[in-house]
Amino acid sequence: MKRINNFKEENIYKAIADLSGDIYFQIDENFKVVFVNKKGLEFLGKNLEDVLGKSVEELFPQKGKRFVANLKKSLSSKKPLLFEDDAIIGGKKLFLETRLLSYEEPETKKKFIYGICRDMTEFRKAEKTIEESSKRYRLLFERNLAGVFRSSISGILLECNDAFANILGYDSANEIIGTPVYKFYKDESDRKALIISLTEQGFLRNYELPLKKKNGEIIWVLENVSIIEEEGQKILEGALIDITERKIIEEHLKESVNKLQKTTEGIIEAMTKAIEIRDPHTAGHERRVGKLAKAIAEEMGLEEEKVHSIYLTGLIHDIGKIYVPAEILTKPGTLTEIEYKLIKVHPEMGYKILEKIEFSWPISKIILQHHERLDGSGYPLGLKNDEICLEARILAVADVIEAMASHRPYRSSPGLEFALKEIIENSGKLYDSKVVEATINVFKKGFTFD
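Residues in the sequence shown are numbered consecutively from 9, following the working numbering.
Think of the hints as simulated: they come from the structure by calculation, not from any bench. Incorrect hints may have been included.
Distance condition first, Cα-Cα at most 20 Å in a straight line; then the derived EDC-like pairs of lysine to aspartate or glutamate [unchecked claim]:
#, residue 1, residue 2
1, 71, 93
2, 117, 105
3, 87, 105
4, 191, 112
5, 453, 425
In this text the structure is predicted, and so the values were computed from the model without any measurement.
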């Protein structure tokens, strides 16, 4: 009965061993194979009959003696032993991890060694890759010209390179690692704003912010930073560069642009006054057109720069009329065909006056097109639809409304209601429908020329 039980236990052991992904084996005290599971046979590339009874040295000619030495150590020990070694099997160099445990049968006093062997080759390759990658990362971290850093979400600097420390006016990374990062910020609110943005987005690219150096000097940096989870804790990881010189240059450029813009606006204002002196009967027309055109552009949601260009163009949109005789401009009653042709020349003349001036905005083009109409019935080029720039379409509506709504010495004013009716009736025909809609909304919101 005992032998039967032992037989059952042995079969169960073999069945379990065959299901394992590791190599199970049993060696006798003469270092010959008593048992090896299916995985072991696959590993050796042999059949069971080619392995049973064979000595370890026969199976492993190159490493046999070392393996036997390990087996001897196991026989003389009552504890499990772990050995790590390499072996050439099937022409491949493999790295093996083997656990051995000796056992003595009570009845026969025979000793056996039970072993479990695991192929660790791929694991060691991965381990080596990670180690090499870590070395490369460390070299990149330490030699990077950008300031590289890692900090806790609570605000402690965990790690940084010397470049980071140097940017902030410190001699080395060791001087600041472990310190609160708030000391580097111009205001604590800057750090809080950064954390809020990071929490929402997970990553910030080209984030500009002011930092404070060791000596108190304020510098500007450009930062790329992400928030990651490491061992259950949130970590900030990023790199930054000093852009202080660039910011100073940008400020100087901004000041120069502002001065140039003020000069340009001064020139346009002078032109407006010249037009008003030339034709005192329509004085204020350009300013009122500019004001309405600006309001329409804002209602349409155009960007600030484009709104400003439309306003400035409105101030001088009739500059070409300085080439038209004053008698024609102020003539009461109907104009002759020749007089009307002279009037129609003013967009082209305005374009020629301004085309050589390099404005920041397409002022000359807008002036050239502000009497064009969607159906091609306008002048001077007979442009249609999208051939007319949006700024000119806006200016056209503003010009028509102001002209009809205002009194002239040589004619009475049809009135604002008539002017609005005119653009509504011709919406989509002569005038841009979106511009007309925005214009109606502007007046509904209480716009006045005053």
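Evaluation of the provided hints:
| no. | hint | in the structure |
| --- | --- | --- |
| 1 | 71 <-> 93 | holds (9 Å) |
| 2 | 117 <-> 105 | violated (29 Å) |
| 3 | 87 <-> 105 | holds (17 Å) |
| 4 | 191 <-> 112 | violated (69 Å) |
| 5 | 453 <-> 425 | holds (15 Å) |
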